[in-house]
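Q: Sequence:
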Amino acid sequence: MIHKNLFGALALTALTLTAPVAAKAAPQHNRPRIVVTMMVDQMTWDYLYRYQARFVEGGFKRLLTQGFNCENTRINYIPAYTAIGHSSVHTGSVPSIHGIAGNDFFKDGNPIYCTQDTTVSSVGVPNGVSGQMSPRNLLTTTISDELRIATNFRSKTIGVAIKDRASILPAGHTANGAYWLDDKTGNFITSTYYMQDLPEWVKKFNARGRVAELLKDGWNTLYPIDTYRESTADAVPYEQPWDKDGKFPATLPLNTAELAKIKGPGVIRTTPMGNTLTFEMAKA
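According to this note's numbering, the sequence shown is numbered sequentially starting from 9.
By construction, these hints were calculated from the structure, which means they are not laboratory data. Where is the CB? At the ideal position from N, CA and C, for every residue including glycine. One should not assume that every hint holds.
[As the list claims (entries may be wrong)] Label-pair restraints from in silico Cβ distances:
(1) Arg39 x Val244: 45 to 53 Å
(2) Gln204 x Ile233: 21 to 29 Å
(3) Ala215 x Arg39: 16 to 24 Å
(4) Asn38 x Thr278: 39 to 47 Å
(5) Val64 x Thr278: 22 to 30 Å
(6) Thr278 x Gly217: 16 to 24 Å
(7) Arg70 x Ile270: 24 to 32 Å
(8) Ala241 x Thr278: 16 to 24 Å
(9) Ala241 x Lys271: 42 to 50 Å
[Claimed, not checked] Quick list of in silico lysine-lysine cross-link-like pairs, BS3-like style, CA-CA up to 27 Å:
(10) Lys115 x Lys212
(11) Lys255 x Lys291
(12) Lys252 x Lys224
(13) Lys255 x Lys212
(14) Lys224 x Lys255
(15) Lys115 x Lys69
(16) Lys192 x Lys211
(17) Lys269 x Lys212
(18) Lys164 x Lys224
(19) Lys291 x Lys211
(20) Lys252 x Lys271
(21) Lys69 x Lys291
(22) Lys192 x Lys269
(23) Lys224 x Lys192
(24) Lys271 x Lys255
(25) Lys211 x Lys269
(26) Lys211 x Lys271
(27) Lys224 x Lys212
(28) Lys291 x Lys164
(29) Lys252 x Lys269
(30) Lys212 x Lys192
(31) Lys224 x Lys211
(32) Lys255 x Lys269
(33) Lys115 x Lys224
(34) Lys192 x Lys291
(35) Lys252 x Lys291
(36) Lys192 x Lys252
(37) Lys115 x Lys164
(38) Lys192 x Lys69
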């Protein structure tokens, strides 16, 4: 069953479409100039309805009113890890075909991380392994690869995400760039699979120090906490403290600036501010 709407998500892959040049004027089909795919970890289609009372103009409200929601779907593989999801959605295939069997899995008898590639080097962080990543473990093409091929590589594909696998796998083999967050520096980096040096726009974005800025005011609810009736309780037994000493319990408000001093800039990936950072980087 398909209802009006669309699915959302938060690793961002931008596909810039370039129309072929023709000798004669071709009919206009209102082809979009850009397509953005988003992957929101653990978000199921019913969340669009469950939380719709909080939606403002644009965003998910626009998806509800102007898009499509595919509700009668299933995940036809186990386990449902994020790397498999990114790969399956963007290749239209399954792990036995695209080769990504988990975030970590065995390949030829050896344990590997889904995007690890020791033949490449980090770009944007000195002597780091966090940038030794590429899509080489992905055995098939993605929709973005097919778009690049169909336009004779005139279109562009760029992946942006907090996690390397969320940026790299959707963007495919022929991406113009894929960028992800280095947990130690709080900067977006890439690998020599894509380029030898970061573009100026990425360097300028990193120089802004947005991770520290976003974490400095802490994490609290936007509305009074007792109005979040669609959500589970803030304090539940199965949630562990952020630190081993229990100084940062898993409840709100949370002093994210102080927590970052212990956990490092990468702690932003587990907060809503990580989504803000990803969106700002994508727009940069």
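Q: Please work out if lysine 269 and lysine 212 have their alpha carbons no farther apart than 27 Å.
A: Answer holds: lysine 269 to lysine 212 is near 24 Å, not above 27 Å.
Q: Hint says 42 to 50 Å; check whether the CB-CB distance for alanine 241 and lysine 271 agrees.
A: violated, 24 Å
Q: Can you confirm whether the C-alpha distance between lysine 115 and lysine 69 stays at or below 27 Å?
A: Judged against 27 Å, a Cα distance of about 42 Å means the pair is violated.
Q: Sort out whether lysine 255 lies within 27 Å of lysine 224, counting only the CA atoms.
A: holds, 18 Å
Q: Mind checking the alpha carbons of lysine 212 and lysine 192 for me, to see if they're no more than 27 Å apart?
A: holds, 18 Å
Q: Take a look at whether the Cβ-Cβ distance between valine 64 and threonine 278 falls inside 22 to 30 Å.
A: Holds: the Cβ-Cβ distance is about 24 Å, inside 22 to 30 Å.
Q: Are the Cα positions of lysine 211 and lysine 269 separated by 27 Å at most?
A: Measuring from Cα to Cα gives roughly 23 Å; hence the hint holds.
Q: Just to be careful, I want the Cα atoms of lysine 115 and lysine 164 compared with a cutoff of 27 Å; is the pair within it?
A: violated, 31 Å
Q: Given the hinted pair lysine 164 and lysine 224, is their Cα-Cα distance within 27 Å?
A: The given pair, whose Cα atoms are some 35 Å apart, is violated under the 27 Å limit.
Q: Holds or violated: are the alpha carbons of lysine 255 and lysine 212 at most 27 Å from each other?
A: violated, 35 Å
Q: Check the hint pairing lysine 255 with lysine 269 against an upper bound of 27 Å on the C-alpha distance.
A: holds, 13 Å
Q: So the hint says 16 to 24 Å: do the beta-carbon atoms of alanine 241 and threonine 278 match that?
A: holds, 18 Å
The structure shown violates the earlier hints numbered 2, 3, 7, 9, 10, 11, 13, 15, 18, 33, 35, 37, 38.
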